[in-house]
Every structure is written in C-alpha cells, then in structure tokens.
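Please put together the full structure from these sequences, using the hints given.
From first to last, the protein sequence lines stand for chains Z and A. As numbered in the working numbering, residues 1 to 249 make up the first sequence, in order. As numbered in the working numbering, residues 1001 to 1337 make up the second sequence, in order.
FYI, nobody ran anything at the bench for these hints, they're computed from the structure. Just to be clear, a hint being listed does not mean it is correct.
What the hints assert, rightly or not - In silico DSSO-like links for lysine-lysine, alpha-carbon gap of 27 Å or less: (1) 1228/A x 146/Z; (2) 146/Z x 1014/A; (3) 137/Z x 169/Z; (4) 1021/A x 124/Z; (5) 30/Z x 78/Z; (6) 123/Z x 1021/A; (7) 1021/A x 141/Z; (8) 1014/A x 123/Z; (9) 196/Z x 78/Z; (10) 1228/A x 59/Z; (11) 1228/A x 118/Z; (12) 1021/A x 118/Z; (13) 1014/A x 124/Z; (14) 141/Z x 1014/A; (15) 137/Z x 1014/A; (16) 78/Z x 1228/A; (17) 146/Z x 1021/A; (18) 1228/A x 52/Z; (19) 135/Z x 183/Z; (20) 1228/A x 112/Z.
Said to hold, decoys possible - Which stretches of chain A does chain Z cover? Using the computed rule of at least three CB atoms under 8 Å from a CB of chain Z, they are: (21) 1206-1214; (22) 1219-1233.
Claimed, not checked - Beyond 10 Å from chain Z on every Cβ pair, some chain A residues (computed): (23) 1015; (24) 1075; (25) 1171; (26) 1177; (27) 1261.
A quick note: this is a predicted structure, and the numbers were derived from the prediction, not measured. We treat Cβ as the ideally placed atom computed from N, Cα and C, and that holds for glycine.
The lines below spell out each chain.
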Amino acid sequence: MTSTNKLLLEAKGITKYFGTITALENVNLKVHEGECLGVVGDNGAGKSTLMKVLSGLYKPSAGALFFEGKEHVLDSPKDSQNLGLEMVYQDLALAGNLPIGENIFLGREPTKNIGFLKFLDFKKIQEMTSAHLEKLKINVKSAEQKVEELSGGQRQAVAIARSTAFNAKVVIMDEPTAALAIKEVGKVLDLINKLKNTGVGVIVISHRMDDIFTVCDRVMALFQGTNFAESQLDKTSRDEVIGWIMGKK
Amino acid sequence: MDDKEKKQDSLYVKLIPYFEKYGILLLLVIMILVMHILQPDVFLSWRNVTNVFKQISWQSMLALGVFMVIVTAGIDLSVGSIMMLSLMILAIVAKAGAPWFIVVLVPLFAGFLCGLINGLGITLLRMPHPFIMTLGTLYIFRGTGNLISGGTPISGFTDEVRYLGHGRIDLTWLGLEKSQYLPVSLVLIAVVYFVFWVFLNHSRTGKWIYAIGGNPSAARASGINVNKILIIVYSLCGFLSGIGALILAGRTDSGYPNAGLQSELDAIAACIIGGASFFGGRGTVLGVFAGVMIMGILRNGLNLMDVSSFWQQVLIGSIIVLAVYVDVLRRDFGTRK
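Printed below as a string of structure tokens:
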C-alpha cells in the first residue's frame, strides 16, 4: 500500500461533545483506495463515536468530512450510503427471519412493475445475491436460506456482502471478528483482503492484534478521544500498538 | 462455510420447512375429518359450511389486522372496540338517512382513523409498548361508541348496506338448489385475504413489515422508516376492523354496544394458533386463515354436538397453549442458537 492511491475518505478535526463530555477532540483520519486502516483504542477511547460520525449517525460538533476530495455534511446513514460509504455493525444488523438475499437487499429491493403496482423481483434478488456471494467467494447452501440458520461467521460474511452489494467505496467494520468462533475468524479476514483487492477502502475497528496485523496496512490509535499514534503496519509491532492502546508511547 | 454444513440433511430436517408452512393446514384437515365423522349428516352440509364462513367472516378481518401487527412484534388490543365504534358510527350515519355508499364507506374510514391514532400514539408518544397504547384505546374507542349512541342498539339498515355481511350469490345457474348459495362474505374474505397476502409477500412495504419484526435495528440501519411502517400497519389493522364492522352490520342488521366485546382476544388466539410468533417476523396469511377456521369449526362442531360453551372455552384455550408449545419445539429444532 502506497499513499499514491486515491484518497477516498478524509475526516479533519472531528470533535464531538455529548453535553459536557468530550467524546472526540480534533481527530483526523484518512483512508485510501484498496487500503485497510485499523483503528484501535481502549473502551471509551472514542472509536465507536468516530465511526458513527463517519456513517452519518452522529453529527460532529466541529470538523469536516471529505469524500473523494469533496466536503460533505451527512444528515443520516442514508446520506453516507449514497456516497458509497457502508457500515457493518457489531450486532450485524441482519433480520434473522429473512433469507440471505432479502437481507442483502433490505431497504433497496429491486422491483418490477405490473400495471401501476410495484412487486418485489425475487428472481432478480436471487440472481444478484448468488452473483455477489460468488464474487466474494462466500459459500452458503442457497441465497434463500434464512439468516438465523447460519453460523456466526456466515452471518458476518452476509453482513459484509450486504455492505458491498451496492458498489461501496469505503466499508467500516466494527469488531468484525468479535462474535466469531476461532476457525471462522480467518474466513472473515480473507474476505476483508478480497474487498481490499477490489479497490475498496476498509476501516476495521478491532482490539484483536491478530486481526489488525493480518489485514491492515496502517493502524491508528485513539486515546481519550484524540489521535494518539499512527503508523504504517510494517513500521510498528504488536507490543508497540498494545502500548498505544494503554496510552504509552 | 462450515464443513459440517455440507453433510446430507436427514429426511426429518428436510421436512421441517414443509411442516412449518403447512402443518397448520394439516391440523385443519384433521379437525374437519373428525367433525365429519362425529356429525356425518350435518357438518359438511352446504348449509353448515356456509354457516361457518358467515360466522367467521368479521372475526377473520380482525384476525388479519392483528396478524400484521403481531408480525411487527406488536399487539393491538383495540380491534374489537374499533369495530364497535365504526359500527356505531355506521348506524348513526345510516339512521340520519345518508345514501348507502356513504354508509358503507364511513366504517372503513372510521376504522382507519382509529388505527392511525394507535399508530401515531405508539410512535410519536413513544409508548413503551403497543400493548399500553391499544389497551388505552380499547377503553377509549368503546366508550366513544357508547357516548355517541347513548349505549343503546340502533337497528335497521338497507339491503345495500347489508350486502357484504348478508348478501347471497345465487348458484342456481350451476344447477344447484336455491338453498345452495354462496355468502358474499365468503367471497369478501377470499378477496381481502388474497390482497393482503400479495401485499405482505410481494411488496417492499410487506417485506419491511417482516424485517421490522425480525430485527427493528436492522430495518432502521437499512434506511427503512420504521415509524412510518408501524403507522401504516396499525392504520391497516384499524381499516380491517372497519370492514369487520361493515360485515357485522350486515349480519346483525344492528349497531349494538356489546359488538366485538373480547373479540380482540379471539383475533390474537387465531393468529397464535395459525403460527404467528409473538416475537415478531413469523407467520403467514394462510396460517391466520387456518387459525380463524380452526376456531370457527371448533365452535361450530361443538355447538352441533350440543357441547356446553364452557367446554368450548376450555378447548380453545388448550389449543392455544398446544399450538404455541409446538412453535417452541419447532424453534428448538429449526434454529441455530
């Protein structure tokens, strides 16, 4: 990963207050095309708040977001989605009672018109889902399988597939391996690498050093709501990053 | 992803989805057979079968409305009161001499408005649970119905107003007897259930109703306006209760204060027997129809056999508990934990 790749997302001077509490203060962040940025930090360091600002769920008290060089004000997650910025939530945000395909297209279902009425186009959902899962090499029995029948790793894969089904340029993942069995972690990390290879910029929030050191190109640490340290991955070590999390340089 | 996923499913596992989908119909067929064996001359006669459909006609509307609400993991306790209020408004408007097409539309509109009030209360007033809002309106709507009518029955509607609840479709052109007619209410049930089946299964809004029941935060994160969908659902539930009022007006030729008393519980029971889950996101329109039929046939059959209505209560209660226990077992087998 070199910095010559196109800059996709940049946050400058993000500050967020909740009443008298300062959750973030003057935080900067950059993600390039095909790059994976790891964001680490202790509980309460501001990781989740920062991600919610990036996805448009929270409005920053100060600071600006630039997407492909242009400044944008995000009023809702819909705005960030429209820009090509997707979020994979820690609690997965899938409806277990619906099939895989319908989860991937939830809220953006393709329809066909019969007269003046719009009907769901199940055939198209099925085809697009199969093609998309195929592209990401995600194996499931069928796109019609209900999500509640899947394992934790498969669900995480579906959540990631969902985030990239609409040509996302940046995908933000909150603890993508936290809820997974050990043997499934590797598969999800492989999937993240595949996303990078397709040119997607990925932000991974994690406190697992294995995750960070397997998929990330760059790592930044937040400490008490501020940028604490940042480095290319090949210029740092696990022990150093763990030190950053605890506020030691 | 899992290797063990690839192993061949046993026949038993393969049958689960079919049982889930059609098990309730199996129960219905068994009940019909048992009733037929017990009452071979009467039960499957044209007269009795049309009777069953006439008896379930308005309940089936309430059950369908409550079903949609239950799919969103909500509840509507006010459907009986909505129906009563709509019926009273219909009766008053009819007595005032309004033309029949106005009289027919009034309960639908009134029911819709009552449902809208429920939906707005649940979302805008941020009631902690729909149970509370609709428990409140259960009293409010019935009280209002009594206030506007003085708590006395209002009877006597024109044939046009009574058509949906009382009308007969003559089948003598098929070579059938004059007594072998088709109740209009049966056709109405079929049409309404079909329309709502299409709505719930083939429209985006319908899919979102299921998604909200499955995981509301997932629906929200997908950009679905959850509050808007909930308002639509409760309004439609009220609208269906309004149709119920129109059918009841036809059947009884009267608006009366006790109309639909406790029928919200029958409606909920039919949904639960039909396989809808209180946790939301689960259940089918066909299942609700089967649930309504099972309750109707049970009452009808027990009446034919002259069984006391006290026993009917005991039996219906038992079936509810049994049906939910089967659902619990199904969850254990069908879902990964």
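Broken hints, by number: none
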